[in-house]
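Novice: Just need the whole structure built from these sequences, with the hints factored in.
Heads up: the sequence lines are chains A and B, in that order. Per the working numbering, residue 11 is the first one in the first sequence, and the count goes up by one each step. Per the working numbering, residue 176 is the first one in the second sequence, and the count goes up by one each step.
Just so you know, not all the hints are guaranteed correct.
Selected chain A positions facing chain B (in silico; Cβ < 10 Å) [as the list claims (entries may be wrong)]:
1) Ser316
2) Asp320
3) Ile448
4) Gln449
5) Met453
6) Val454
7) Ala455
8) Asp459
9) Arg460
10) Gln463
11) Ala465
12) His468
13) Ala474
14) His479
15) Ala499
16) Thr505
Pairwise CB distance ranges (calculated) [said to hold, decoys possible]:
17) B/Gly314 / A/Arg437: 42 to 48 Å
18) A/Arg461 / B/Val233: 38 to 44 Å
19) B/Val233 / A/Leu58: 54 to 60 Å
20) A/Val59 / B/Gly314: 47 to 53 Å
21) A/Arg504 / B/Leu355: 54 to 60 Å
22) B/Gly229 / A/Gly86: 33 to 39 Å
23) B/Val259 / A/Arg461: 55 to 61 Å
24) B/Gly229 / A/Val248: 58 to 64 Å
25) B/Trp295 / A/Thr137: 52 to 58 Å
None of these hints come from the bench; they were simulated from the model. No residue lacks a Cβ here, since even glycine has one placed at the ideal position from N, Cα and C.
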Amino acid sequence: MPSERRLHPATILFGLVGQLREFAVPIVVLLVAGSSRGGVEAWTALLLVPYSLLAVARYHTFRYRFDETELVVRSGIVSRNERHIPYSRIQNLDASQNVFHRLFGVMSARVDTGSGTDVEATLSVITRAAYEEIRERVFRERREAAAGADEAGAEPPAEELLRLPTRELVIHGLIENRGMIVIAGAIGLIFQSGVDERLFARLERDQEGSRSALRNLAGQITELAAGADGIVLGILIVLVALLLVRVLSIAIALVRLHGFRLTRIGEDLRAEYGLLTRVTATIPLRRVQTVTVTAGLLHRWFGRASIRVDTAGGDGPQVQRRGRESLAPILRAGQVSALLRAVLPELSLDDIDWRPAAPGATGRELRRRLALSGALALGLVYFLGWYALAAFAALAVLSWFTAARYVGSLGWATVEGAVLHRSGYVRRHMTLARFSRIQAVSMVASPFDRRRQMAQVHVDTAGATGSPHRLHIPYVERETADTLYTQLAAVASRTTFHW
Amino acid sequence: MAPRTRRQACRGRRDKLFSMQPDEPASTIADGRRRSLDPAWIDVQRMARWIFGGIVSVAMAVQFLVRLLAGGAAPWLGLEWLAVTGLIVFWAHFWPAIAYRYASYAVSAEGIEIRRGVVWRTVINVPRSRVQHTDVSQGPLERASRLGSLSIYTAGTDHARVRLPGLGHPTALSIRDHLLPGGTDDAV
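Specialist: Have a look at this one:
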């Protein structure tokens, strides 16, 4: 009879803190917004009693054990819940450890089977040794199941694929510019707290309507710009602000991705990173649905790129926040093919025969952009009056310059075992899906497509929700599209999809 | 044995509905030929759209008349109602017949291919090996016309659920049986 295991006693503490945190925002808002009502603190203290009882009860009722083929998690205070998770179904076993976890030498582990948006079980919190035990158990059982009992045993050696030194993290911070996200978050917080309402109320009192507010603002700027000092000052302020945002972004990158290390252990990839919150994410290679290589303008200036993978299942918001899909937040452009080869050894990606967009696509793209510009300018007439014409002219010139470059950046290719699509000329994306990961293939022809004998081919894969780049190939000649569609559908049906 | 009570009769009908066997074996539907939807689908859609469109049109007419009688609206605003009602007539009566002409499906040993769309014409191919599960459902109007809607679920993102409405209910069942995982080459 396998023995049952319990969580670490610190679970009680973390459970309590976690629950209180849900009240933190309202409490802080109440205090900051200057609620005239007293007794907020006393009210909070009262809440502590049932919650601590609940946390203790939760800790005492939570058990897990390792059966022959499955992980069994029992929980629940009033209604008991016993969950059986077969080892073979476990897709990801992630652990994260924040600063407070570290003080107690514990971590939070998530068992994910890819059944939907939520994880199957969260073991929070357990010791590192316990986590290693679970990992070892789960992955050993799975290897046994996969390769027969004879090959099981010791864990295969870890092969290091990528390590990010501080220098790379600084560049990553510079490029990705996460500082803006933090600032946007701060602004969002301000808006939520109701400060903005007072601000806008005052604005509205001062002027009538947003139009005059705009004009007033423009007037102020002109006034300021009238003196040369004003211009210098304005530019300085903007520059300093931009610099600060970048510095913030670098600091975030250094903290978040500190000591980033990507290793391959047998059929799994493991990423470890983080200074304050230490994350250990495991991505089984067979769960990889698509691989996307992205290089923005700054990436290319620094000779860098980034790689992310979509994995099946568990594409909930938590995962995205934890950034598990990022295989390589940053790497040298020269390392891309080596890493792809390590991740997808069965594909030969050395000489890809890229097929361009259909002839005539540039004209269509230009007309499309002009039409969009026209619509936008029409919308602007209300705000700008006749100046909307100037806006349209500017947009038209922009369309002229960008349409050809965008169409030139388009390309698709098939190699033995996979389909690839690339697009974008400022931010370049290349996405790859193995045939065995294609879920459905579709072909769409809009009236414009039909007029020019073209079609779009869409390749649907699992776990692509929120992907910045999908396998949606536009502007393909009708006959080529037919062939590609038929070929992809046929080859996908010949392969089997494994979860 | 004849049903004696009303309730028994009801139950008998319900049992028949759910235990209805596909009228052709799965192997004959999976011949890769392109088939049209059941023509009864046009009428079912028309009926559903007339019900919805009728409510919208009547509500608009009532609102217009009330405003007219209260002196708050110019009579020419009736043209607005006329235009909307014209659109509704087109959408409810003519569109289902047009859409029907562009909708077809083909089932083969490899999977199912669905064509639809009048303006944006789409072909979707779901390989049989990617079908996670399938549903056949019937709304009240569909039930009256013995139609069924087939829903195919994949692990994909855009096509996590591919719907094929407007099939004869027995046809939907036999396609479902054909696509059902656990057939010949089940390895998932």
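Novice: So, for every hint listed, does it hold in this structure?
Specialist: Structure-based check of each hint:
1. Because the smallest distance between the Cβ of A/Ser316 and any Cβ of chain B comes to about 21 Å, over 10 Å, the interface hint for this residue is violated.
2. Interface hint status for A/Asp320: upheld, as the beta-carbon distance to the closest one in chain B is roughly 9 Å, under 10 Å.
3. For A/Ile448, the interface hint holds, since its Cβ comes within 10 Å of a Cβ in chain B; the closest pair sits about 8 Å apart.
4. The restraint placing A/Gln449 at the interface with chain B holds, with a minimum CB-CB distance near 3 Å, inside the 10 Å limit.
5. Restraint check, A/Met453 versus chain B: the minimum CB separation of about 5 Å is within 10 Å; hint holds.
6. This hint holds: A/Val454 has a C-beta 5 Å from the nearest C-beta of chain B, less than the 10 Å allowed.
7. At its closest, the beta carbon of A/Ala455 sits 5 Å from a beta carbon of chain B; the interface hint therefore holds under the 10 Å criterion.
8. Against a cut-off of 10 Å between C-beta atoms, the interface hint on A/Asp459 holds, since the closest Cβ of chain B lies about 9 Å away.
9. Of the supplied interface hints, the one on A/Arg460 holds, with its beta-carbon coming within about 7 Å of a beta-carbon of chain B, less than 10 Å.
10. The interface hint given for A/Gln463 is violated, since its Cβ lies 13 Å from the closest Cβ of chain B, which is over the 10 Å cut-off.
11. Proximity of A/Ala465 to chain B holds as hinted, the smallest CB-CB distance being about 9 Å (cut-off 10 Å).
12. With 10 Å as the threshold, the beta carbon of A/His468 comes within range of chain B, its nearest partner Cβ sitting at about 7 Å, so the hint holds.
13. Satisfaction of the interface hint for A/Ala474 is found here, the shortest Cβ-Cβ separation to chain B being roughly 4 Å, below the 10 Å cut-off.
14. A cut of 10 Å between beta carbons decides the hint on A/His479: the least distance to chain B is about 13 Å, and the hint is violated.
15. Contact between A/Ala499 and chain B, as hinted, is supported at the beta carbon level, the nearest pair being about 4 Å apart and thus within 10 Å.
16. Among the interface hints, the one on A/Thr505 holds; its C-beta lies about 7 Å from the nearest C-beta in chain B, closer than the 10 Å criterion.
17. A hinted range of 42 to 48 Å holds for the C-beta pair B/Gly314 and A/Arg437, which are about 45 Å apart.
18. At about 40 Å, the CB distance of A/Arg461 to B/Val233 agrees with the hint of 38 to 44 Å.
19. In this structure the hint that B/Val233 and A/Leu58 lie 54 to 60 Å apart at CB holds, the actual value being about 59 Å.
20. Between A/Val59 and B/Gly314 the beta carbons are some 52 Å apart, a value that agrees with the proposed interval 47 to 53 Å.
21. Take A/Arg504 and B/Leu355: their Cβ atoms lie about 19 Å apart, and the range 54 to 60 Å is violated.
22. Take B/Gly229 and A/Gly86: their Cβ atoms lie about 51 Å apart, and the range 33 to 39 Å is violated.
23. Under the hint 55 to 61 Å, the C-beta atoms of B/Val259 and A/Arg461, about 30 Å apart, miss the expected range.
24. Restraint check, B/Gly229 to A/Val248: a C-beta distance of roughly 59 Å satisfies the suggested window 58 to 64 Å.
25. The hinted range of 52 to 58 Å is satisfied by B/Trp295 and A/Thr137, whose Cβ atoms lie roughly 56 Å apart.
Hints 1, 10, 14, 21, 22, 23 from the list above are not met by this structure, while the remaining hints are.
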